[in-house]
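J.: The chain contents come next:
Number of protein chains: 2
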Amino acid sequence: MSTEKQTAPLKTGKGGWVCYRPDIKLLDCTIRDGGLINDHKFDDKLIKSVYETCVAAGIDYIEFGYKGSKKIFAPAKFGAWKFCDEDDIRRIIGKKSSKIKISVMADADRTDYHEDILPKDKSVIDCVRVACYINQIPLAMDMIKDAHDKGYETMLQLMAVSTINEHDLTEALDIVAKSPAAGVYIVDSFGSLYSEQVRDLTKIYLHALAGTGKDVGFHAHNNQQLAFSNTLEALITGANRLDATIHGLGRGAGNCPTELLIGFLHNPKFRIRPVLECCQNIFAPLAKQLDWGYSIPYALTGQLNQHPRTAIKMRASDKPDDYVGFYDQLMEEES
Amino acid sequence: MSTEKQTAPLKTGKGGWVCYRPDIKLLDCTIRDGGLINDHKFDDKLIKSVYETCVAAGIDYIEFGYKGSKKIFAPAKFGAWKFCDEDDIRRIIGKKSSKIKISVMADADRTDYHEDILPKDKSVIDCVRVACYINQIPLAMDMIKDAHDKGYETMLQLMAVSTINEHDLTEALDIVAKSPAAGVYIVDSFGSLYSEQVRDLTKIYLHALAGTGKDVGFHAHNNQQLAFSNTLEALITGANRLDATIHGLGRGAGNCPTELLIGFLHNPKFRIRPVLECCQNIFAPLAKQLDWGYSIPYALTGQLNQHPRTAIKMRASDKPDDYVGFYDQLMEEES
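Residue numbers (our numbering), protein chains in the order written: chain F, 7 to 341; chain L, 7 to 341.
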């Protein structure tokens with residue numbers, strides 16, 4: 007199978023299993039995406055454990071949360087990781103490790119980026135990932151420029167790609183290609199993409215960004231039990247930047263589990279044992295209190311290419327296993 | 007993406023999402039593979055519900071269980087579906103539906119096939135699937151011939167394909183190509199295969215069987231959350247016969263869930279609603295009593311291409327979440 011970006015020993019084709027791609031970069035978004043389940047109200051023990059795990063596991067980036075606007079989101083209603091104040095990050099990381107980069111996400115229309123993102127020399131943050139929908143591309147480009155000019159590495163997360171038509175997507179990617187963003191992520195917000203779509207999209211992104219030096223990334227959701235396999239599909243096709251979360255934590259059906267991805271990559275810089283330790287000590291107990299991970303309602307919204315919000319609501323109701331009622335409701339809404 | 011067997015509108019490439027492959031045949035092995043969890047001790051209500059669901063959902067085959075030898079397996083120790091006596095099947099199905107074919111599995115070295123598989127005209131069974139390891143191919147061929155001569159459709163399930171080297175596999179497939187088997191399954195017994203391996207194996211099977219009219223099938227396990235995606239990979243590459251189980255029931259990490267597969271196929275002959283009904287009424291309650299489905303220990307045995315028996319034992323112990331201890335034990339055994 008051919009890829010459009012083949013800069014290193016590629017894990018594909020005959021003999022491909024023994025080597026690895028040293029250019030792959032993992033970003034842990036356990037706390038950021040997981041925070042969407044509980045309004046970012048994690049205790050410091052969990053946050054520290056995830057941070058230390060990522061350092062020990064050789065993961066390239068850790069994303070603590072959002073730079074949410076305090077004018078929009080009342081600080082009393084959310085945990086610290088909705089805002090990622092410098093002091094909160096410093097409290098967790100102590101002396102900054104040189105081994106891992108720190109990332110935050112800045113949502114278009116939900117971030118006071120001019121004020122809340124400090125000049126890089128006053129911050130422990132290394133990377134700002136701007137998240138937007140297709141209609142917010144001009145705003146997102148201004149946010150990328152702002153963060154870049156302040157000294158940060160920047161990335162774009164273009165959300166809900168499964169709802170964007172190819173013409174609009176190409177236009178957006180042409181704009182992004184001229185921006186200072188170091189990478190652009192394919193974001194399967196609804197967990198609706200199948201492998202062939204992931205492959206086609208990865209090729210579209212690679213083609214649009216060819217010659218710019220920008221990386222293509224992939225952010226999966228597990229609505230149809232395809233988060234891990236779709237991440238591999240993007241990787242094999244040429245995506246270099248992969249999002250994962252420990253124990254698959256994340257809103258709704260969750261994300262691509264770090265422990266599965268590291269098992270596949272067998273790049274000696276990544277280590278699975280610290281991740282297993284964190285799963286065992288932190289997330290196995292947490293799974294008894296918080297509901298995340300695959301279940302049938304998420305599969306149904308994924309099949310219909312819908313936002314999982316109705317499934318999340320249904321799973322939190324007093325009838326979390328009323329699959330038929332939920333299916334009938336979705337069918338009625340579609341008609 | 008090219009396939010070697012492109013006899014019908016193929017769900018791949020540009021525009022491929024709107025059509026479907028009418029030649030795809032689904033086999034439900036909920037009761038057969040699920041029986042490995044509880045020694046086949048299901049009550050009639052569950053068995054009837056699965057049967058009626060499969061008929062209503064348009065599934066092509068239902069596999070009730072094994073034709074186990076009563077000289078090897080004491081009937082008092084197992085449920086009826088270890089043996090699939092004609093009377094037991096008739097009790098469940100009543101008047102035989104013309105819409106669905108009935109299958110049983112005959113394990114090499116564990117079946118008194120000469121005696122226990124009756125001539126077809128005395129049986130409600132349509133299809134005998136012979137399961138064997140690579141070293142049992144000669145015996146399996148005799149079993150296939152016996153069942154074929156008695157009037158049955160026959161299939162071969164060559165287990166643990168991830169442990170077979172390519173030379174031996176090709177030799178086995180050349181033998182099978184000359185047999186009366188209507189199809190041969192790629193069986194990922196350890197849930198260890200990644201998509202590229204599934205694609206390569208499917209091509210090897212298609213090539214070996216080219217011109218014989220035999221189908222290639224795929225039987226997945228979910229140890230690495232890849233059962234559904236690997237089934238799709240085999241399908242896209244040209245496999246026509248797919249195994250699935252309702253709610254992913256099956257030993258250890260379970261199988262490819264029927265409700266996900268039907269969602270992808272969107273072939274009008276398959277219907278998801280009856281499957282959801284069965285999930286809701288039978289399997290969601292059962293999941294509170296029986297342990298099956300993905301968990302980290304299965305991922306670890308899958309990553310190491312090992313039989314999941316150690317993971318099954320560990321999940322049934324008093325430390326089902328001791329991932330690190332289990333990992334250390336596996337690493338020690340590997341060294």
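Calculated from the structure, these hints are not laboratory results. Some hints could be false.
Since copy identity is lost for identical chains, a pair holds within one copy or between any two.
PhoX-like cross-link-like pairs, simulated, lysine-lysine; straight-line CA separation at most 25 angstroms [as the list claims (entries may be wrong)]:
(1) Lys126 to Lys51
(2) Lys209 to Lys184
(3) Lys319 to Lys294
(4) Lys47 to Lys31
(5) Lys83 to Lys156
(6) Lys105 to Lys31
(7) Lys107 to Lys126
(8) Lys325 to Lys51
(9) Lys76 to Lys294
J.: Reference check for the pair Lys325 and Lys51, CA-CA at most 25 angstroms: within, between, both, or neither?
T.: between (33 angstroms within a copy, 23 angstroms between copies)
J.: Under a CA distance limit of 25 angstroms, which applies to Lys319 and Lys294: within one copy, between copies, both, or neither?
T.: Intra 18 angstroms, inter 22 angstroms, cutoff 25 angstroms: intra and inter.
J.: Checking an output row: Lys47 and Lys31, CA cutoff 25 angstroms. Within, between, both or neither?
T.: neither (28 angstroms within a copy, 48 angstroms between copies)
J.: One pair to classify: Lys105 and Lys31, alpha carbons no more than 25 angstroms apart. Within, between, both, or neither?
T.: within (13 angstroms within a copy, 51 angstroms between copies)
J.: Within, between, both or neither: how does the pair Lys83, Lys156 come out at a Cα-Cα threshold of 25 angstroms?
T.: neither (30 angstroms within a copy, 72 angstroms between copies)
J.: Check Lys126 against Lys51 for me: Cα-Cα at most 25 angstroms, and say if that holds within a copy, between copies, both or neither.
T.: Neither: 27 angstroms inside a chain and 65 angstroms across chains, both beyond 25 angstroms.
J.: For the identical chains here, do Lys209 and Lys184 meet the 25 angstroms Cα criterion within one copy, between copies, both, or neither?
T.: Close inside one copy (18 angstroms), not across copies (42 angstroms); limit 25 angstroms.
J.: At most 25 angstroms between alpha carbons: which applies to Lys76 and Lys294, within, between, both or neither?
T.: For Lys76 and Lys294, neither the intra-copy (32 angstroms) nor the inter-copy (43 angstroms) Cα distance is at most 25 angstroms.
J.: Is it within, between, both, or neither for Lys107 and Lys126, if the alpha carbons may be no more than 25 angstroms apart?
T.: Intra 13 angstroms, inter 67 angstroms, cutoff 25 angstroms: intra-copy only.
In summary, the numbered hints that this structure violates are 1, 4, 5 and 9.
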